[in-house]
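Q: So the chains spell out like this:
Number of protein chains: 4
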Amino acid sequence: MIRVGVIGTGMIGRDHIRRMTRVLNGVQVAAVTDVDADAARRVAEGIGATVHASGEDLIADDIVDAVVVCSWGPTHERYVLASIAAGKPVFCEKPLATTQDACVRIVEAEVAHGGRLVQVGYMRRYDLAYRALKTVVDSGVLGAPLMMHCAHRNPSVPPHYEKEMAITDTAVHEIDMVRWLFDEEIVATRVLVPRKSKNGGPLQDPLLLILEMAGGALVDVEISVNIRYGYDIRGEVVGEEGTAALGELGRVTIRRANQVATPVPVDWRERFVAAYDVEFQEWIDAIAAGGPPLGPSAWDGYAAAVVSDAGVEALQTGRRVEVSLVERPKLYHAEG
Amino acid sequence: MIRVGVIGTGMIGRDHIRRMTRVLNGVQVAAVTDVDADAARRVAEGIGATVHASGEDLIADDIVDAVVVCSWGPTHERYVLASIAAGKPVFCEKPLATTQDACVRIVEAEVAHGGRLVQVGYMRRYDLAYRALKTVVDSGVLGAPLMMHCAHRNPSVPPHYEKEMAITDTAVHEIDMVRWLFDEEIVATRVLVPRKSKNGGPLQDPLLLILEMAGGALVDVEISVNIRYGYDIRGEVVGEEGTAALGELGRVTIRRANQVATPVPVDWRERFVAAYDVEFQEWIDAIAAGGPPLGPSAWDGYAAAVVSDAGVEALQTGRRVEVSLVERPKLYHAEG
Amino acid sequence: MIRVGVIGTGMIGRDHIRRMTRVLNGVQVAAVTDVDADAARRVAEGIGATVHASGEDLIADDIVDAVVVCSWGPTHERYVLASIAAGKPVFCEKPLATTQDACVRIVEAEVAHGGRLVQVGYMRRYDLAYRALKTVVDSGVLGAPLMMHCAHRNPSVPPHYEKEMAITDTAVHEIDMVRWLFDEEIVATRVLVPRKSKNGGPLQDPLLLILEMAGGALVDVEISVNIRYGYDIRGEVVGEEGTAALGELGRVTIRRANQVATPVPVDWRERFVAAYDVEFQEWIDAIAAGGPPLGPSAWDGYAAAVVSDAGVEALQTGRRVEVSLVERPKLYHAEG
Amino acid sequence: MIRVGVIGTGMIGRDHIRRMTRVLNGVQVAAVTDVDADAARRVAEGIGATVHASGEDLIADDIVDAVVVCSWGPTHERYVLASIAAGKPVFCEKPLATTQDACVRIVEAEVAHGGRLVQVGYMRRYDLAYRALKTVVDSGVLGAPLMMHCAHRNPSVPPHYEKEMAITDTAVHEIDMVRWLFDEEIVATRVLVPRKSKNGGPLQDPLLLILEMAGGALVDVEISVNIRYGYDIRGEVVGEEGTAALGELGRVTIRRANQVATPVPVDWRERFVAAYDVEFQEWIDAIAAGGPPLGPSAWDGYAAAVVSDAGVEALQTGRRVEVSLVERPKLYHAEG
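Here the protein sequences line up with chains G, V, X and F, keeping their order. As numbered in this note's numbering, residues 3 to 338 make up the first sequence, in order. As numbered in this note's numbering, residues 3 to 338 make up the second sequence, in order. As numbered in this note's numbering, residues 3 to 338 make up the third sequence, in order. As numbered in this note's numbering, residues 3 to 338 make up the fourth sequence, in order.
Calculated directly from the structure, the hints in this document are not laboratory data. None of the hints are false.
Which copy is meant is left open, so a pair is good if it fits within one copy or across any two.
Subject to a maximum C-alpha distance of 16 angstroms in a straight line, what follows is the list of computed EDC-like cross-link-like pairs (lysine to aspartate or glutamate):
no., residue 1, residue 2
1, LYS198, GLU243
2, LYS200, GLU243
3, LYS332, GLU110
4, LYS90, GLU58
5, LYS96, ASP171
6, LYS198, GLU166
7, LYS96, ASP311
8, LYS96, ASP17
Since the structure is predicted, the reported quantities are computational estimates derived from the model, not experimental observations.
Let the hints inform the model, and build the full structure from the sequences given.
A: In C-alpha cells:
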C-alpha cells in the first residue's frame, strides 16, 4: 500500500484524493496540506489523513512514500525540488513549473539525484483512444507520419482565461501529446489567427497553432475555447499510406427528430475521467514495483514549457518561433 | 428517342413524366391518358403530348413505342395485357396486379408472347446502396448469407392506410428486394406483433415480418410506419464470416448542441429519388438497345403478390404461412 | 477494506482475484479454495491469502466478510445457500444455479433471511454503453419502447459448446439485459432457425431468439457464435418516436487500403473488461456501505434460469414457449 | 434540345460527350473538333455530329447553340473569346485560361458583351455533399464560419505531375469551393511544407495550404497526392457554435476481419461522377431557359487563377503572399 501525501486540496487535489481513496488500488492518502489549513483539515478528516502545516513538512514525514503536488503553479518548483531532495517519487500536476529556468533546475536536481523521481500530469498519454492511435502509428501500417490535424474544443472558458492560456493551458496538452505520439521534439511553432468568435469576448478565439516536429512532420491544432457545442478532442495522423484518427467514441446512437446523433462530452472531466484513473494507477504501480515512474518526465515538463513559451511568442509576434532546448540529459534518453 | 405513352397522370404518373421530360436521356412522353380527361389534357399541354381517351387507345397508337402504367391498381392487369397483346414494352408501377390470378394471367400472356415485355416498378434494385450491398454479398467475402435484418420506417402514413398495407404497400419493397438480393424465392412468412405505438392510432404498428428464403436464410423486417423521426431504410446481411449493411449515407455531419449528427431523409422521395432515375434510364436504354427489359419481371410481380398475400394471412392468423408459387416458366429462368 | 473469500480458482476466479488484488479499491482477497487444492495454494501464495479445504470452511471463516463463487455451476447452489446461512454477502458468477428449483431454493432462503445478500454476475448492466442506452430509454425521448433488435456475435466457440448453450450461455446475457433495460419480465420465447453456418460444424448456428416482454415489447436476438470477424454486441431499442442503439465504440478510425475502418473487439474480455471492474467495485462499495448489494439479484438469477429453460424448449420444439415464474417476493420489488 | 459543339475530344471531352449523349436531358452534341482530326472524326461518327476543322469554325456554325471547351489549357482563351464574340454560351473546363492576363481579357470581353456567357468547370459546387454543407453554413446554425479544415487526397499522380500542380491542378478545386462556400474572396495564401512522403518521388508531397478569406476566416488544406489508400475529399467548417463536415458517404458498411469498414472511392471519377452530371444538366437547363449560366463565372475563373498564382509563389518562396484582384465588374456582383 503506497502512502501518498497530497500538497494542495483545491478542486483538482480533492479529485485526486477521491480517486486514490475510492477508486484506485494499492494506495492511501496518508497526509495532506494546503495554504488554507482549514480546507486541508476538512479533507483530512474524511479519510483519516495527517494534516501538515507546510508542503516541506509533509514531504519530510516518514509516513509519506510519495508526493502529489496539486498546489498553485508558482509553488510547484519548490515542492518538486524538496521531494527530489528527500528522494521521494513526486507526481506534479501540470505545469511542472511556471518558468523554463525553474524546469531546468528540476531537471538538474533529478539528474544529480541519479534517477527519475518526477512525473508530470499529462493525462492524454493514458487515454485509450490516444493509445490506440499511437499503436497504429507505431505499427508502421501508415508508413512514416507526415502530418497531424488536431482540434481542441471547449464549450466555454472562465472569465479569468487570458489570451496566452490558449497555448499555455489548453494546447499544452497537444504539445505534450505530439511529442509522445511522434517520439520527437517540437522544433518550431507558429500561430495563425482567424476571425474572432463572438462567443470569446475580448479573447482571440479560435487560433490555429502549427507545430513543426524534429523529423519534419507538421501538426496543426485548432484551438476553439468557446465553441458551445461540447468538449471535443480530435486528432488525425496522416502517414504515407493512410491516416488514423481518434474514434468518435459515442456510447449511444440516437435516431430522433430527423437525425442520427451521438452525444459529445460536456467537458474534459467527462472525456478524460478514465485517463486520470489509468494515469494514477500506473504511477502507483510503478512506485510499488520499486521502479522509476514511467509517465511524462521532468524533461517532458521542461520541453512543454519551452514549446509553450515559443507558442506564446508566436502568438504575440505573428512570427515563426524556433524552440531551443538545453541538451537532453542521458537520464531521459531511452524513454518511450 | 423512345416515345413513351403514360397511362395515369396522378402524382406518381406526373413525377415519371417530369423525369422522362426533364431528367432522362433518349426518351420523350408522346401520349398520355387518365380517367380524369382534364387532368390528362393539362399534363399533355405542357409537353406537347397527344391525349388519348383510354389506355387501350394509347397503347394502340403507333407513336407510342413503350407504355408506362401508373393508373389505379385494379386497372394494371388490363393495360399490361393490352401492351403485351400489342407487343410493346410496358413499365407497370407496383403492384403488377391486385390479385395472384391476375398476375398469373399476365405471366401466361407474356410467356405466350415468347419474350419479356413487362417490367414492374420495384426501384430498390436501382439504389446505389442496395447495389453496393448486393455486390458485397455476391462477392462471397461474407461466406453464404444466413440472415438479414431490415427496418422499413416511415415518419407517418395517411389516414386511409389500413392494417394490411404494412405488408402489401410497405414491406412489399423488402419482399422484392430480398428475392433479388438472395436470388431466391421466399418460401414462408410469419408476422410477430409487438406492443402498439400510440402514434399509429387504430393501426397495429410496428410489426416484425419474418421471411424464410428457399435456401434457408431468415429475414426479419421491422415495419414502423409512424416513427416520426424520418424515413429510414436499413438492411444488414449476416453471412458466415461477417456482415454487410446499407451505409448511413448522411451527406453532412453536424457538431452542434452536444451532438454529432447526420440528417435522416424526411420521406421516400428524398431517399430514393436517384433510384427512380436510374430505374427509368436503364429501362429506356434496354428498350433503345432493342432488348428485353432487365428489371423486375412479371414473374417478380407475381411472386411479390403471392408473398404479400401470405404475409397478410400470417398477420391475420398469427400463423406461419407457406408461399405456394406456380411453376416458374423458362422465360424467367436465367435472370440475375 | 472488505475481505473477500473466493471459491473456485479457475480462469474466471483468477481473473476476479487479479481484479480485486490489483485493480479495485477497498477490497482484499483473504481466502481461497478450489477442488484442486494445489491450484488454490498457488493462487494464495501470490497474494497472502488463506487456503481452505472447502467452500463451506471458507464461508465460515471470520476473516471472510463476503464470498465470491466462481466454481463449477452445479456447486453454486450449495455455496450461495451456505453464504446466506452465514449471513454473508455473496457474489455468484452466472448461473445462479443450474436448475429452476435450485434458484427457487436460494430465493426462498434469502427471503427467509429477510434481506438481500446475493448478487449474480450479469455484467452488462455495468457497461457504460448499455447504461447510456438505458438512460436514453428511461428519459422518455423515444416514447414507449416497442421493440429491440440485438445481435450477440462470437468469432468462435470451443469444441464442448453444445446447441443449447446458444441460449443458456450466450443469449442469457441478453435475457438478463432486456429484463433490466425494460424493467419488465419476459413472458414468452421463440427460436427461429436459419440456414446453418459452415463454420459451426454440427451446431445449429446462427439462431434468432424472440423474447416477448410483459408490456408487449418484442425483442429479437441474433445469436451467431462462429462469425469469425470479431466479438460484436449490438442492440437497438425502437420506440414510438425514434430509436437508440449501442454506439460503435471504435477508439481509432483508420483510413487505409480503400477503406475507412474501426476495429472490432476480438473477444468478450476486450469488450467487457471495464464492465467487470465497475460491477465488482460497485458490489464492494455497497457492502462497505453496509447496505444490500444493488446488482442483479437472486430473483434475476431465477428469472434468467426460467427464461433460458423456455428458450431451450422453444429451440427443441420449434414452438412459442411461455415463461412461468413463481410469485415475486416483496424483497425483490422496488428494485431498479 | 440544346445543340452543343465540343472543342477537344480527349479523355475529358469524350466523357462530356458521353454524358450529353447518353445521360443528360435536352441536349445533343451537334459538332466536334480536335487538333487530332481523326480522333474527332471517330467520336463524331458514333453520334452523328459534324466535324469541324477548327474551334473557330465550330463556334461559327449555326447548328451550334452552345460551346464546350475541353481542349489543351493554353487554347482556352482563344475559344472562349471566340464564343463570346459569337454571343454563344460557352462551358470551359478548368482552367478558364492559363494566365491572369488572359482571364482578365475574357472578363473584359464578357463585360463588353453585356451579359454572362461563360461558365467554368468547377464541379464541386454541384456535389450534393458540398451543397448540403453550404446549406448548413448559410442557415446560420453554426454562427459565423471562422475556419475550415480540408483534405484533398489522391492515391497517386501521373509521372508528369509537377510540384506546382499541387496548387494549380489539385488545390484549385478547394480554392474555387471556399470562395463559393464562404461567398467571399481569398485575400492571402501560405504553404507550409511537411516532411516528404516516400511515395511522392521528387515531389514535395504532402503540403499544407493556408487560405485567408476576406472576412478573416482561415482555411487549411492538406494536399496529399500519393496517399495510396484512395481518393478522399474532406472538409469541415468551424463556426462559432459548432461545425459541419462533408459526410462519410459510404454506401455499404462491412463487418469483416475484425473491422467495421466502409469503402473509399478509388479516384475522382467515382467520387464526383454525379456532380459532373448535375453541373452539365443545370448548365443546359439554364441555356434552355434563355437565361445566363448560373455556375462558376469568368470572374470565378479569374479569381482562381490569381489565387493559384499566389499559392505557387507562396510555395516557392515560403512566404505569405497576398492576393491582388482587379476591381470586380458589376456583371459579377449579385451572384451566389
